[in-house]
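Dock chain B against the given chain A, drawing on the hints supplied.
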Amino acid sequence: MSNKLINLSGINKSFDGTMVLDDLNLYIRENEFLTLLGPSGCGKTTTLRIIGGFETPDSGQVFFNGEDITNLPPNKRQLNTVFQKYALFTHMTIAENIAFGLKIKNKSKSYIDDKIKYALKLVNLDGYEKRMPHQLSGGQQQRIAIARAIVNEPKVLLLDEPLGALDLKLRQDMQYELIRLKNELGITFIYVTHDQEEALTMSDTIVVMNQGYIQQIGTPEMIYNEPENAFVADFIGDSNIIDATMVQDKLVSFLGCKWACVDTGFGNNKPVDVVIRPEDIVLKDAGQGTLDGEVTHVIFKGVHYEMEVMAGGYEWLVHSTSMFTVGQKVSISVDPFNIQIMNKPESEDEEAVQIEE
Amino acid sequence: MKSKRSLLAGPYLFWSVAFIIIPLVMVFYYGFIDENGAFTLENIAAIASPEHSKALWVSIRLSFVSTIICFVLAYPLAMILANMSVNQNQFIVLVFILPMWMNFLLRTLAWQTLLEKNGVINMILNFFSLPSLNIINTEAAIILGMVYNFLPFMVLPIYNSLARMDRDVINAAHDLGANWIQTFCRIIFPLSIPGVVSGVTMVFVPALTTFVISAILGGSKILLIGNVIEQEFTQASNWNLGSGLSIVLMIFIILSMIISAILDKDGEGALL
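Just so you know, the protein sequences line up as chains A and B, in that order. Start counting the first sequence at 1; every next residue gets the next number (this note's numbering). Start counting the second sequence at 1; every next residue gets the next number (this note's numbering).
One chain only, chain B, in its complex shape:
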């Protein structure tokens, strides 16, 4: 019986070895050798060079700001969705997921067309004799792209944690004398923290590693760490440096996940 069950795990086991473990080992292998194949820490230390550390810092800053904007937009929306009757909210949830059915690249390119100097938004603004907007190729455009693309990943987990909440728990808080604000701060928000944490992770991590959004909406002026790594692999053909920087990025992702896990634990009931 036991061997039969482990047999069922076979396909996934094969998958994870072939496409997760081996590539990971290869990244680490390339990251710790130089072009002659000798062991080195230079590729890791390369993060300290001004251009690399700047790219990493910009990445962290922009993903952090995007995550906060996503959270601020998503939480009230998730609350509204969770309070709706099932028929209504299925429609609204669909509206939010609908853009995700469109190709990621296409959506981002669409924003480029909208934001360009002679793009749709500026045409409309000019038509009304309003000053034109110059946010293409700025950090603001990248943040906009990140928020637009990753917002559903923040809404859905928060919505799930709110919708799963027992209505009577909220009723019990009212019953014990709490008003709406007290109920929200002491009961609803603490109970939704697991959803918030997974939402934050699902927005922050892809935002930190993206290179497509910054390439399309940031022009070549703003380099994120994702763009640097991509260039090392595709243009400079320096796999060793690319792998080394990837490892550094991985460490930052693991760090951010540890921080959110700690926040989750302490966050329970700690508000107010």
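For reference, chain A alone in the conformation it holds in the complex:
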């Protein structure tokens, strides 16, 4: 797991004078499921296309197993791509599509036939050899695109929003399917998506990107529980992001109250951002918590109630399994462990966050 299979070093890329990637540095470990996550235009697809060889960076290098592959054409790279709109060869049968890469490599007919059978079994589409791509549903076409890529036994599989065109139920099924495939095949997956739920479900490592900069790299738990800045907090799940002042270690002040927290090392009386996840807020009877307020909206979401609470001049987003009525006086209380402190953006890297907001 520790071997750095792919290393991107100082990648810059711009299109028509617009900077898309600015000094991007990233490594991908062997056998890892890494997700590039961000809103459209954040540079995630461009990063993937540079790894795949479909774009050349303006400057910087791409290393594969320690070898510089920056200028190597896609057909010479030991990786395969699953494209967003599947990009199946519409004039070929499913079997011919899957066999394409193997025929190019002059594999024997029996080897190719075995591989087709194996790949179709792997994606649960046995017996589809003779069909044409247009006879298949979107989800089935997507599986064929994956089968076509994996029969070549790539070291790395690149996936560019492969589930974007599928409906919710199918997307969830395919997420589990992809995790299963990754574990069975033992190859490295680099996955691009703008869907944070997808990223949290499948990834070993998430790379959150915005405006050509990497905002945070970490495990799904780290990204969700300890976002490094307001952009990450806002992009991953719902959150309350509030201007605050770090009074001293383990004490933060916002909305006119002092709150106990667990973070240290931010200095005394420093401006910071505070993130509190809606499910971490505990609503108590008026006067019992830290900050009193009034419920202004209640929506039933199935698993929980989504409520808005006006307190201290801020509209809090609260998720709770117990129901409160609109107009009810409540008091907000948060476990110190659930108050996440973040530095205000300072560097150029983080300025992008501000533009986005």
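Any given hint could turn out to be false.
No more than 20 Å apart at the CA atoms, straight line, and that leaves these computed lysine to aspartate or glutamate pairs for EDC-like [unchecked claim]: (1) A:Lys-76 with B:Asp-168; (2) A:Lys-182 with A:Glu-226; (3) A:Lys-250 with A:Glu-226; (4) A:Lys-85 with B:Glu-230; (5) A:Lys-85 with B:Asp-166; (6) A:Lys-344 with A:Glu-279; (7) A:Lys-4 with A:Glu-153; (8) A:Lys-344 with A:Asp-234; (9) A:Lys-329 with A:Glu-279.
No wet-lab data here; the hints were simulated from the structure.
For chain B alone, coordinates are given in the frame of chain A:
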């Protein structure tokens, strides 16, 4: 609702009956009778006479050669156009369509003036003491006229089929290990065959039936089947024979379209 919709088709229905179906029926009617109005197959069989079959053979040969030349010129050009950015290619496409805005007859007459014995091209050649070119009134001049006039009809459908192609399909072929030649032979060309077929049809059929190009650039020495039919109608006033030969020509056009349709089907992925 349904009757309202079929009402909308009315104008076209009227048009096709008045100007397509009735004339077609009349051609068949005249083609199968003699001057006394009795049924005969003589007008059809007339194609077997040496002068007619020669004209048909020359027509097929020249249109075939023109179609191939058009294809060879058009395909690389269409590829270049399809790979250009939108702003650039709109200009180039315009340059290619521009000659079509000029009258067909005028363009062909212009070639006559250029190619004549004492025409512009020979004047320039003579000026540099080069041997003069004598291609006016030859088959080469007719082929030149056909290629010049019909080239855009080959370029545009091929360009369309190439430009519509998803870039990621080509990327996918590279990704799976194919180099440029393999990608072209196995992916790009097979996927562009519908464009090629319609381009071939749009060049071959008008080239096969033309009589203007051969009349102007071929003098009266080379008769195409189009010239023969035209003469039967305008000079010999033998509508029956003219119609009979038209029917034969129609059969050849339908045959060529069937062949191209079969090629389209089999051509998919059959290369290499």
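### Hints the structure fails to honour
2, 4, 6
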